[in-house]
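J.: Chains as they are written, first to last, in the numbering used here: chain A, 7 to 255; chain B, 6 to 312; chain C, 133 to 461.
Source of the hints: derived by calculation from the structure; they are not laboratory data. No experiment lies behind these values; they were computed from the predicted model shown. All C-beta atoms in this analysis are idealised placements derived from N, C-alpha and C, irrespective of residue type, glycine included. Careful: at least some of the hints might be erroneous.
[Unchecked claim] Here are the simulated SDA-like pairs of lysine to any residue, each with C-alpha atoms no more than 20 Å apart in a straight line: (1) Lys-113/A - Met-238/C; (2) Lys-116/B - Pro-437/C; (3) Lys-200/A - Met-140/A.
[Stated by the list, open to error] Here's a subset of chain C near chain B, in silico, CB distances under 10 Å, partners left out: (4) Met-238; (5) Val-240; (6) Ile-241; (7) Leu-245; (8) Met-264; (9) Leu-303; (10) Thr-307; (11) Leu-401; (12) Leu-439.
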Amino acid sequence: MSIVLAIHGLAKSFGSLRVIEQVSLELEDNTCHALIGPNGAGKSTLINLISGTLAADAGTIVLANQDLTGSPVPHRALAGLGRTFQLTSIIPTFSVLQNVTLAAQAKDGSSLRFFARVAEETRLNERARAVLDMLDLGDRQEIRAADLSHGEHRLLELAMAIVAEPKALLLDEPMAGMGRGESEALVETLVVLKQSIPMLLVEHDMDAVFKLADTISVLANGCIVASGNPDEVRADTHARAAYLGGGAE
Amino acid sequence: MTTLFLIQLLNGVQYGVLLFLIAAGLTLVFGVVGFINLAHGVQYMIGAYMTFVFQSITGDFFGALLLGMVAALILGLTLEVLVFRHLYERDHLDQVLATFGIILFVNEAAKVIWGPGTLTIAMPEILSGTIQLTDNLLYPVYRIALIGMGVSVALLLYVIVTKTRVGMLIRAGATNASMVSALGVNIHRLFMIVFGFGAMLAGFAGALAAPIFTIEPGMGDDLLIVTFVVIIIGGIGSIRGAFIAALLVGLIDTLGRTLATDVMRLFFDASAANQIGPSLAAMLIYIFMAAILFFRPQGLFPTQEAA
Amino acid sequence: MSGVSTSGSRETFSGKRVDRSLVVGWSIMALLMLTPFLTEFAGGNYVQNIVLKAMILAIAAVSLDLLIGHGGLVSFGHAAFLGLGSYVTGVALHEGVVGAVPIIAMVVIFCGLFAMITGAISLRTSGVYFIMITLAFGQMLFFSLSSLSSYGGDDGLTLWDTPILFGQDDLLRGTGLFYVTLILLVACWLLVWRLSLSRFGRVLRAAKENPQRVSTLGFNIFHIRLIAYVIAGTLAGVAGFLTACQTEFISPSTAAWQNSGNLIIMVVLGGLGTRNGAVLGALFVVFAEEGLSLITHDWRLIFGPVLVLFVLFAKGGIANLLPNSTAGQ
């Protein structure tokens, strides 16, 4: 199995507060690597470091043999790193379709086109519609994104991340705020998706994690305290200590 | 030659001190309230005009100065209650437009009431005259007094902001106003204090400047933009930044205007230098601002993100 | 069913929505085209000149709307390009260059460069900082123009020549200038419209609402915005050229920040980001100022508070008051 995303020795401090310390992990092709841990462990910070939103103090990030360490955010996206946000981050006044075609546009040639109407670009629209259909948002495509329900927002968030066919996907609590049924449907979709797009998944929903993850890493106080396949982690004493000692799940 | 340089140096410091008095209020209002107040320049102007008015009535400069400050304070608070407080939650574009409208109105009102021409105010007796600083250097007492008063105010502000409770709230508000509010502080009262104080400082600056500069409608506007440059360089919300930046801007502008043409003569012939010199001098503080921003977009002493 | 979303209708041609604003737009242009005929009967040259002034400022306003309405970039120094464009024109004429085409080429180059340099610095910031920095750069240009003593300095410079277009020296004067301006206005209006519908425009508008997301998708927002800034600055520079032609006079006050404020008022009053907002706003403001000044010399005493009241109570602008027009945001 080849390694798609390799993080090595990542560290980040805010002043004297060490938030992330010597974190290393690997994401293999066609797998889902889940990142779990108590609140405040630094999971979102880690995602931000990998996507480039925050600059790391140390460490390397390599995506499909391309060194992304120190690269700015757009560069990492173009190299094939996709991400979703924990707090839904979309373009509210655009329609659902426009949001996804915008995402598709990023990696489909130059955006320095000034005269052709982008709404008429069939290829972008088709790719967007294909993704929306896969996520069951097809019949909502003309709705203004701001008018969607919360669950639909999370799906749109995901659609925007995958339409550009990323090489690796960072998912920051995709199921956040979703009801039971919606979560289960999304898990099914992700199970299928990980065959084509390897994903690093941050989640609190343990059912989802154990259904999806091939590898699990436990982050506590900015360090990886346990890592391995689900059974190993379930049994690991450090992992248990992190959860039982570290507060709410 | 060095006498001229020293005079200009002192003039630069005096200009800087004046800029600081205006900038202090502006940067606090930006930093704490998050409000972009183009009308701050008219506070300065009203301070000058009202001092003129009270001086004509009472004949006493210092009393007039005090009353001028009070007038500026009253105007500031009136504007805050009538207009500004409804705009705190709005985006900056709205604030810009509304305060722009206020500038149009107040400037025009000044023109109507006092006429479009310039007015002058006599310097107070005890402060007129010159003082011997060195063998060759005679410098106006008034300007020295201005520098002294400005520095005193700066120190006073420093003490208030760092040592008192109100000052602590102001500093906290400059970094995170909603947090301060969430902690139970009456944020609106804090805003009013900040606004009022800033308006008073601007009015004070206007009153101080009145004997040196001419009083006319719109006198605050161009100065306001230089003040913007000062707080951009100093960092929005920072008094310390405003003080240092104000001095820098004052010195660069004053010395620049004196020296630019001469320096250009080193590179170009006289007639070209006479053309380029003044143009370059006019651009200096903006070039300086651009240079600072290139390396530090948030200014020298940022209190918050440059956004 | 399509046509429900407001922004969607701006791009997809879902029925009546876009057509309405187009009808309004072309009607305005038709009315402008007929103005020289209509003023024969009432108003004469005086009214025609006011309309000409409004059209020239409309070009500048349309270009500013690209920045504010579409890009969310509140530039408070846009009049600098008007001033720079008019000065390049005036200086060229003064120095003996009379061909309109070379003059416009110089206007484009100078304004483009100024926009590129100041934009590259200003766009590293956002929000309040951006507003203040653009204001400062505008002021910088104003003072630079004021210090040009051989071109009139503070007082400005009277122009004795008119640029020659297609071999004619009266094309850029009187009625000729009126129609040249109208053609340029239509071109500018169409350009900004097409830009907003293009790939470029989509990224620009998305970045206005959620720059972090747009960045994470892989777009270089700085580049996109800088290009928009240069386009806008160049178009405003052309408006400056036309100003010089109309007034036969160049003055630093064209670049004054109060003029920048005026442009912002036009764009906001007219309706940000709408098809016709900038043009309507320019027409309204110019006519309001003229009208009010006929009533009283101190018209700003009225205009100022009206502006404040507008900001406090009315939002959306004139374009949104028209029936069924495409809403702004």
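J.: Checking hints one by one. Is Met-238/C an interface residue toward chain B, by the C-beta closer than 10 Å rule?
T.: Met-238/C check fails; min Cβ-Cβ to chain B is 18 Å, beyond 10 Å.
J.: Minimum Cβ distance from Ile-241/C to chain B below 10 Å?
T.: 19 Å, violated
J.: Holds or violated: the hint that Leu-401/C contacts chain B, with Cβ atoms closer than 10 Å.
T.: 9 Å, holds
J.: Mind checking the alpha carbons of Lys-113/A and Met-238/C for me, to see if they're no more than 20 Å apart?
T.: Outside the cut-off at roughly 37 Å; violated.
J.: Are Lys-200/A and Met-140/A close enough, with their CA atoms no more than 20 Å apart?
T.: 14 Å, holds
J.: Tell me if Val-240/C is really an interface residue toward chain B, meaning its C-beta lies closer than 10 Å to one of theirs.
T.: 22 Å, violated
J.: Can you confirm whether the C-alpha distance between Lys-116/B and Pro-437/C stays at or below 20 Å?
T.: Given pair Lys-116/B, Pro-437/C holds - Cα atoms ~16 Å apart, limit 20 Å.
J.: Is the hint on Thr-307/C kept, meaning its closest Cβ partner in chain B is under 10 Å away?
T.: 34 Å, violated
J.: Under 10 Å is the threshold here; is the Cβ of Leu-245/C close enough to any Cβ of chain B for the hint to stand?
T.: Interface hint status for Leu-245/C: violated (15 Å vs cutoff 10 Å).
J.: Less than 10 Å between beta-carbons is the criterion; does Leu-303/C satisfy it with respect to chain B?
T.: 33 Å, violated
J.: Using Cβ atoms only, decide whether Leu-439/C comes closer than 10 Å to chain B, and label the hint accordingly.
T.: 3 Å, holds
J.: Measuring from the C-beta of Met-264/C to each C-beta in chain B, is the shortest one below 10 Å?
T.: 4 Å, holds
Consistency note: the structure conflicts with the earlier hints numbered 1, 4, 5, 6, 7, 9 and 10.
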